[in-house]
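From just these sequences and the hints, can you work out the full model?
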Amino acid sequence: MKPRIAVLMGGRSMERQVSLKSGRRVARALKDRGYPVLELDVDESMVPTLKAEKPDLVYIALHGKYGEDGTVQELLEIIGLPYTGPGPLSSMVGFDKALSKECFLASGIPTPDYYSLSSSTLNDMGASALLPDVWEKLGSPLVVKPAAQGSALGVEIVTEFSELPGAIVEAIGYDDKVLLEKFVKGTEVAASVIGDEEIAVLPLAEIVPVSGFFDFEARYTPGKTDYFVPARLDDPTTKRIEEIALKTHRLLKCRHASRVDVIVAEDGTPYVLELNISPGMTETSLLPLSAEAAGIGFEDLVEKLVLLSL
Amino acid sequence: MSPEIIFDPFSRLYSEAAGLIKSSEIRDLMSVTGRSDIISFAGGLPFIEGLPPEDIAGVMSEVLSGGYAQALQYGETEGMEPLREQLVEVMAAEGVKAEPEHLQVTTGSQQALDLLGRIFINPGDAIVMEGPTYVGALAAFRPNGPKIISVPLDTEGMRIDVLRDELERMGEARPKFIYTVPSFHNPAGVTMKESRRDELLSIAREYEVLIIEDNPYGLLRFEGEPVTPLAARDPSRVIYLETLSKIISPGIRLGWVFGPSPITERVAVLKQGADLCTGNLSQMFATVYLAKGLWKKNLEALKVIYRSRRDAMTGALAEHFPEGSSWTDPQGGLFIWVTLPEYLNTEKMLPMAIESKVAFVPGPAFYADRSGANRMRLNFSYSSEDLIEEGIARLGKVLEKEMRLYHSLGLDRPGEK
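These protein sequence lines map, in sequence, to chains E and Z.
Sequential numbering of the first sequence, starting at 1, is according to this note's numbering.
Sequential numbering of the second sequence, starting at 1, is according to this note's numbering.
Treat the hints loosely; a few may be bogus.
[Said to hold, decoys possible] List of simulated lysine-lysine pairs, DSS-like, C-alpha gap at most 27 Å:
#1 Z/Lys-357 <-> E/Lys-177
#2 E/Lys-253 <-> E/Lys-177
#3 E/Lys-137 <-> E/Lys-185
#4 Z/Lys-97 <-> Z/Lys-303
#5 E/Lys-65 <-> Z/Lys-193
#6 Z/Lys-397 <-> E/Lys-177
#7 Z/Lys-97 <-> Z/Lys-193
#8 Z/Lys-193 <-> Z/Lys-303
#9 Z/Lys-147 <-> E/Lys-224
#10 E/Lys-2 <-> E/Lys-31
#11 E/Lys-239 <-> E/Lys-177
#12 E/Lys-247 <-> E/Lys-185
#13 E/Lys-137 <-> E/Lys-65
#14 Z/Lys-397 <-> E/Lys-65
#15 E/Lys-177 <-> Z/Lys-401
#16 Z/Lys-401 <-> E/Lys-65
#17 E/Lys-65 <-> E/Lys-51
#18 E/Lys-31 <-> E/Lys-51
#19 E/Lys-2 <-> E/Lys-51
#20 E/Lys-239 <-> E/Lys-182
#21 Z/Lys-397 <-> Z/Lys-357
[To be verified] Reference excerpt, derived from the structure (chain Z facing chain E, CB under 7 Å, subset only):
#22 Ser-31
#23 Val-32
#24 Gly-34
#25 Ser-61
#26 Lys-348
#27 Met-352
#28 Arg-404
#29 Leu-405
#30 Leu-409
#31 Leu-411
[Unchecked claim] Okay, the calculated beta carbon distance ranges per label pair:
#32 Z/Glu-172 <-> E/Ala-129: 53 to 59 Å
#33 E/Lys-54 <-> Z/Ala-291: 53 to 59 Å
#34 E/Thr-159 <-> Z/Thr-155: 38 to 44 Å
#35 Z/Ser-36 <-> E/Leu-38: 16 to 22 Å
Hints in this document: simulated from the structure, not taken from any laboratory.
Ideal Cβ placement from N, Cα and C applies to all residues, glycine included.
Printed below as a string of structure tokens:
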């Protein structure tokens, strides 16, 4: 008898729809491989159901808050069920872009310069008086993004100082903490890493949004972005990115799968933008794309992740 | 072998209209609002739970025991004759006189909008809509590539003076039609007053323009004196749309068009290509439901409920919304339209509202030019009075937080740096 697997998806995060797509696709792949599957759209019945059903493994196909930030991981630790992806601490750090960037910097992983602000520093400490300083130090354009949010929701590239406060309001809509990050012009590359004890980088995916910006629309509308797998980079650059991706995966103690988003500056330096501990599994997601290029079909990929987690 | 990955190999084949379809974060965000733990003022949902289940079951079994073969068969494109006879009665309740043979049944009013858009609009043709306007009408007309002239509303409906100026300015390039929701406007909640209705009709005659009068909510008046539809005053230049969605059920997908017969005949021809006919099962259900007079009973019950919910919402708004906000006070329909202080942005506010488990539709959805950033539409028909109070209180807190932040960033003092 194959192990019974509960697939967590949906929930109440802003990426609910993306997560439902990932989750249903994963569940279908598992069923096709003969696993008994329990699909759970996360709500208040989740913990009682998991306690009663006692699945052999929980596959976390949640994206965004509560699913990627350590919340669900913590609960699964208490219930005592094995699950896909890293533990609570890695999830917490991975989901908070400011925390993970600090980790990158501390271990010599290049990442674009940034400052962070929160609504309390703005409201209670007059931090808005610092915006001209930030603008001067980081230069224009500036990327404004919520510290904890996926799918590029709430992200804006600001080229005029007068647009900065409005972009901060938008980003704070998604998370109380906001990053103001130096914009690095270059080639966007996603490095997907799989494995646990033994880890490997899958072929790199190069992302070329038709509009120039890999935003929500570009991510999830087929045809709005061109992808090249493997990325059209020279061997030394590819190798450097692979090394950085492995280092990042290990540094944050990722498990089973992660995706490291990198931008290769025009001078050839790869900068790590962020780390995803629960990479998307939709039809336009990057991890399955890179796996495919390595000859690992979607069902094989899902089964591989499951076997690693058991 | 090229390493390029192509997700949609057909993207070169799409028509220009289909090319406009894309994933949107707002649409994805709205999907969160369907969850039961969120108080949603976003949808336009009528309170279906108020229909007596025994009535529904009785009507359904009568339909199936009597004529299941017909109910499950193809039907005429125009719609079933007995239904059209009943619909004439529904129209008469608001003073619109029509003969059954001049009615064209459609799969919801939405289908009528789609078909009319295709009948009248060539790319670049001007049409007049209200600003704000019904989002579904924008969606139906847009793929045909119209140039949309927006005429603003005030508490007495469409600004006819602005309409006249626009028409004068356009000169010979007349718009193909003027689209209006004169009673209990969606999203604005306002009703066009008597004198403006007559003025609008006289403008239509003078400039030889058609009017599409969309009247889904007219019968849902719970306060004040009825105002007769444009089609009851002078049907000669009016294409009149009505629906059973708000008085019986949106799930049965039944609407109809009444207008000059050359136009309804074209609607019929196009409808044939679109879906051949509207489902007989729905039509027979509605025929029996209407013939038994159950709809009148249900309508009276709905009006009592909606009035009380409107009161709950305006009361809660007065208590929880900040100074400098205003809202319409509808005498019927489903929606209240809120205007916040000029500098606020309801689209940017939506994620925080959803995080606080309350939802609304941001203003820009209702404008052809996506203006209206400081406005929002609130539905009052679907949530109970308690949930309305709680949801508006939550929105009030979100607004307070937003305003604090705008203040800290100096965004509440436009003009200053």
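Consistency of the hints with the structure:
no., hint, result
1, Z/Lys-357 <-> E/Lys-177, "holds, 20 Å"
2, E/Lys-253 <-> E/Lys-177, "holds, 24 Å"
3, E/Lys-137 <-> E/Lys-185, "holds, 17 Å"
4, Z/Lys-97 <-> Z/Lys-303, "holds, 24 Å"
5, E/Lys-65 <-> Z/Lys-193, "violated, 48 Å"
6, Z/Lys-397 <-> E/Lys-177, "holds, 19 Å"
7, Z/Lys-97 <-> Z/Lys-193, "holds, 21 Å"
8, Z/Lys-193 <-> Z/Lys-303, "holds, 21 Å"
9, Z/Lys-147 <-> E/Lys-224, "holds, 26 Å"
10, E/Lys-2 <-> E/Lys-31, "holds, 11 Å"
11, E/Lys-239 <-> E/Lys-177, "violated, 34 Å"
12, E/Lys-247 <-> E/Lys-185, "holds, 23 Å"
13, E/Lys-137 <-> E/Lys-65, "violated, 31 Å"
14, Z/Lys-397 <-> E/Lys-65, "holds, 21 Å"
15, E/Lys-177 <-> Z/Lys-401, "holds, 14 Å"
16, Z/Lys-401 <-> E/Lys-65, "holds, 20 Å"
17, E/Lys-65 <-> E/Lys-51, "holds, 22 Å"
18, E/Lys-31 <-> E/Lys-51, "holds, 22 Å"
19, E/Lys-2 <-> E/Lys-51, "holds, 20 Å"
20, E/Lys-239 <-> E/Lys-182, "holds, 25 Å"
21, Z/Lys-397 <-> Z/Lys-357, "holds, 12 Å"
22, Ser-31, "holds, 5 Å"
23, Val-32, "holds, 5 Å"
24, Gly-34, "violated, 9 Å"
25, Ser-61, "violated, 34 Å"
26, Lys-348, "holds, 5 Å"
27, Met-352, "holds, 5 Å"
28, Arg-404, "holds, 5 Å"
29, Leu-405, "holds, 6 Å"
30, Leu-409, "holds, 4 Å"
31, Leu-411, "holds, 5 Å"
32, Z/Glu-172 <-> E/Ala-129: 53 to 59 Å, "holds, 57 Å"
33, E/Lys-54 <-> Z/Ala-291: 53 to 59 Å, "holds, 56 Å"
34, E/Thr-159 <-> Z/Thr-155: 38 to 44 Å, "holds, 41 Å"
35, Z/Ser-36 <-> E/Leu-38: 16 to 22 Å, "holds, 20 Å"
When held up to the earlier numbered hints, the structure conflicts with 5, 11, 13, 24 and 25 and fits the remainder.
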